[in-house]
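K.L.:
Given chain H, put chains G and P in place with the hints provided.
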Amino acid sequence: MAKREEYIDKEKKEKGKKLFGIFPAQYPREILWAMNVLPVEIWDPPLEVIHANAHLQPYICSVVRLGLELILQGKCEGLDGFLFPHTCDSIQNLSSIVSDYLGVKKPCYFFYHPKSPYQDSSRVYYLEQLKGLVARLEKQLGPLDSSQLKHRVQQGQEVARVLKQLYDLRVQGELEASNADFYRVVRRGEYLSPDDFLPLLEEFLAAAKGSAQGGPAVIMSGVLPNPKEILTLLDELGVRIAHDDLLNCSRRLLVPPSRADDPFEALTESYFAMPPCTTKDSSVSERVDDLLAKVEQSNAKGVIFYMVKFCEPELFDVPQLTGELRKRGVATLLIDCELNQNLSGQLATRVEAFFEMIS
Amino acid sequence: MKYFLGIDVGALSTNAVILDVRREIVGYSIVQTGANSTEAAEETLEKALVMANIDRAKITSTVATGYGRISVPFAEKKVTEISCHALGAYYLYPDTGTVIDIGGQDSKVIRVGDGGKVLDFTMNDKCAAGTGRFLEVMAAKLRVSLDELGDLSLQASQEVQISSVCTVFAESEVVSLVAQNHPTEEIIRGLHRSIVNRIWSMVKMLGIRGAVTMSGGVAKNRGVVSLLEERLEQPIHVHTEPQIVGALGAALLALRLAQTAT
Amino acid sequence: MYLIKNLQYHFMKDLGLPALMRFSQRTKKRRPKKLDTCFGPPLTSTGRLKEIMTRHYLLSRYAEGARPVAWVTSGAPVELLRAFEFYTFYPENHGALCGAQKVGSELCEVAEGKGYSQDLCSYARIDLGVCFSGRTPVGKLPKPDLLFASNNICQTVVYWYKVLAYHWKVPLILFDTPYNFKDIADSDISYMVGQLEEMIPVLEEVSGKEFNYQRFQDVIRLAKEASLTWGEVLATMKARPAPMTIFDAFGHLAPIVSLRGLPVALNYYRVLLNELNDRVKKGIGAITDERKRLMWDNIAIWYKVRDLSNRFAERGMNFVAATYTNAWAETISYLDINHPFESLAKAYSLVILNNNLNHRFELMERLVKEYGVDGLVIHSARSCKPYSVGQYDIKRLLMDRLGVPSVVIEADIADSRVFSEEQTRTRLEAFFEAMEA
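Chains as they are written, first to last, in this note's numbering: chain H, 1 to 359; chain G, 360 to 621; chain P, 622 to 1058.
Hints are computed from structural coordinates only; laboratory data are not their basis. Note that beta-carbon positions come from the ideal geometry of N, C-alpha and C, so glycine has one too. Heads up, a few of these hints could be off.
Here are the computed lysine-lysine pairs in the DSS-like style, where the Cα-Cα straight-line distance is at most 27 Å [unchecked claim]:
| # | chain 1 | residue 1 | chain 2 | residue 2 |
| --- | --- | --- | --- | --- |
| 1 | P | LYS803 | H | LYS139 |
| 2 | H | LYS209 | H | LYS228 |
| 3 | P | LYS761 | P | LYS803 |
| 4 | P | LYS761 | G | LYS476 |
| 5 | P | LYS1016 | H | LYS105 |
| 6 | H | LYS327 | P | LYS735 |
| 7 | H | LYS3 | H | LYS209 |
| 8 | G | LYS563 | H | LYS327 |
| 9 | P | LYS790 | G | LYS563 |
| 10 | H | LYS327 | P | LYS859 |
| 11 | G | LYS436 | G | LYS361 |
| 12 | H | LYS105 | H | LYS150 |
| 13 | P | LYS859 | G | LYS563 |
| 14 | G | LYS563 | P | LYS735 |
| 15 | H | LYS75 | H | LYS17 |
| 16 | P | LYS723 | P | LYS761 |
| 17 | H | LYS228 | G | LYS417 |
Only some residues are given here: those of chain G computed to face chain H with a beta carbon under 8 Å [to be verified]:
| # | residue |
| --- | --- |
| 18 | TYR426 |
| 19 | SER442 |
| 20 | ASP465 |
For reference, chain H alone in the conformation it holds in the complex (with noise of 0.2 Å):
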């Protein structure tokens, strides 16, 4: 398989792509796929900051830190277009900068979408705001075709039902795969097409079925699995994440099947169906109860709240859902660290040392 950089430019020479910057966390894929644009999604690019500080305070995360970044550096020069959805301050006050005072000269569109508790009024708009986005990018991008949308949308459960599959198989320890390839894979999704990243999950599948290894399992819960060397630290303990509750995997990937004809509608009810979420205001009972369940299923016995530093979202969360969690018995472990950087000594030792606990 090709390399990220190597993938996308040939999806634009070879395959007349546009290439859309998507930033966290939640958005319409399925549109963007059938526009015929690859939405490349900026989550943790491996630089190095150097320009970013001086447009973000010390109190900024670096997930938003590295997103600017990685568009200062001049390395979005190939992109036709970015997109942020509606995920928190830090992203929408990024997407102002970007837009309106960098003089980045390349359309950015912004994506709303209703916060939770749910009314009848969120589902109108939700269908509204999906519909008000492809209008924008009609303007740049030509008319969209409801047949490729239908398509698309289709494509898209397709690659859910396989996630779901995989995560299933996992939660039941019958996957062989190692933590770090597990997530190696799933995070291909951010900027492979559906037309590649569905045969390289099924073959996946295939390959990795197996008994996983004996340790004890646990969850993790965060924004997205970096510094990638916790996964490798806990593959070497032989603990396996046997489910997580990370928002740049199951809680955006798990979209739950829907049987509307209409593709807007069947989008509509995905996103309402999906799993509990900081980015769209769950309640904490929601995000307990589907920690528990998860927990249970899997027969947990600990979750590792793995935190980007600075993200409020994810933090307000944290007593709650350990207090819920240890009332149960369920032993938790909370650590807050800047992305792409090694896992000090420190962080290592209480990940040991949380493993020590639960065997």
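P.N.:
Just chains G and P, lined up with the frame of chain H:
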């Protein structure tokens, strides 16, 4: 006779404890870690052997713990200092429910269950506030030695409030307090209070259970211990050598390792 | 029971508390005030302000059981709740008060002890600290029957109120206001109107009162007039010398934030406006020697207001405008009694913090021109990301496009532990040197 060795390679000191089969401490030592932790491990072992008056060959099994635990080539097993501090404290004081360890680079609070098992724990974040390192930096700023801090702070009749949470900020705060001619003892007491506040919020996160045992180098500082006792509203167990608690736990694990092997 | 509580509430509100407060004021020993030569005579309205706010907080003790109690975010369309006669409590206002009284940090520590990260908003940590410990400088907080939040000022309030909903086990109503990235579309307005309509049955249930459209219109009228009057109050600072400082305005802001839509707020601002107009006529300035006029960006540094106020006044520098105080004069005037729902949607979604940064820059540019601003002090507030992210660019643009110098202070709204005295002093001194050069 068989002996069991625990080695704790910390950021500031490297400590060893040797136990006999009756679980009695027959030798221990504390040396500076310095730049080479493997050498420090060798040195501390030699000293402990001398004290125990035994031959190195008599050591049946070794467990290493602490930051530099990977730098102890002769250890059969490596275990984190969290598990070791819990075990060591439980051995010294079986009523221990909570261990507070303020080490050179980090501080931790551990909830201990039956048999010295770790039930839960928390550690300070990346920042050095609330650690031995914080006191070291401040002692240097105030031109007093680390060992003097405790007694000096007990002499203070008042204390200055240090409001900054960050070591760097606190350092500049100390500079201006010195410039304003605040007595050194009062500043030190304020610094101790600031450490105790940090530890206190970690303690509150876990909740206090049973007796509290303190380990690590800062436990030798009477000023910190007395402020902490005041805050916890209960006395704290402090061993005469609080720095060896981790190594002691490791030695207990070495003994357990040998027993399960046979 | 309800009747008695209700009677007690009304008695205390109209007669009991005012009498008590007069009594306590008389018995308080008058401290001789050291008259600082930098400042003009103090505003007499300030006494009235203190009375109003003290009575508001004291009244909360009688509100439980007598009135439905709602905890409300500063940007939420409280007008709708007023139509159901809620007693409203503003945790943000209370957080500012705790900050000003320098108890913010210790309340934050209470929340931190429960596992809330130091990186979270200090208003939220203070409020949670109060919930867990029961400690507050105002004596006691009224337990909420309802939580009412809008994400037009930040998403943080929603995260925070979700914790409150879990803690108090009461319903949370969210007014979700789409961010104005380029413009607010009709679909955004109808989404917001839809939400307001959906709230009515919930509010009827919690309050046990039927929705009264006429009362609602009255509230809208009062809120709009109060906001317009507040705008006039701020506009008096266009005069040279300005009759008050922004540091005063930070205090006078309390009624428009937390008593908006009630007659008391409107009446107060009329009194204040009269006094200020009178000072303008007589040429009385807030500071005696106004040489430079400054603008403040972001929420106040509550525990340093007096200190900063002195430091600037000493140098003949007066703050005459602030994006923060302006926020309550800017959009509430869109309110329209004939289209209350649509106008609420507009007024509340177009506030500064729910708006793109171009809008922010244009607003600042306008304020700079209208108020004759010579320089800017930008408070980069750890707690408040929507207010702070983008400030570094704003600073650069102010200089590039308008030639206005500015200084950034890295601090926080209510947690004094992250304030570095040394760092701030150096930055301010450099700024003073640049301004005076």
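K.L.:
Which hints from the list above does the structure break, by number from lowest to highest?
P.N.:
3, 4, 10, 12, 13 and 17
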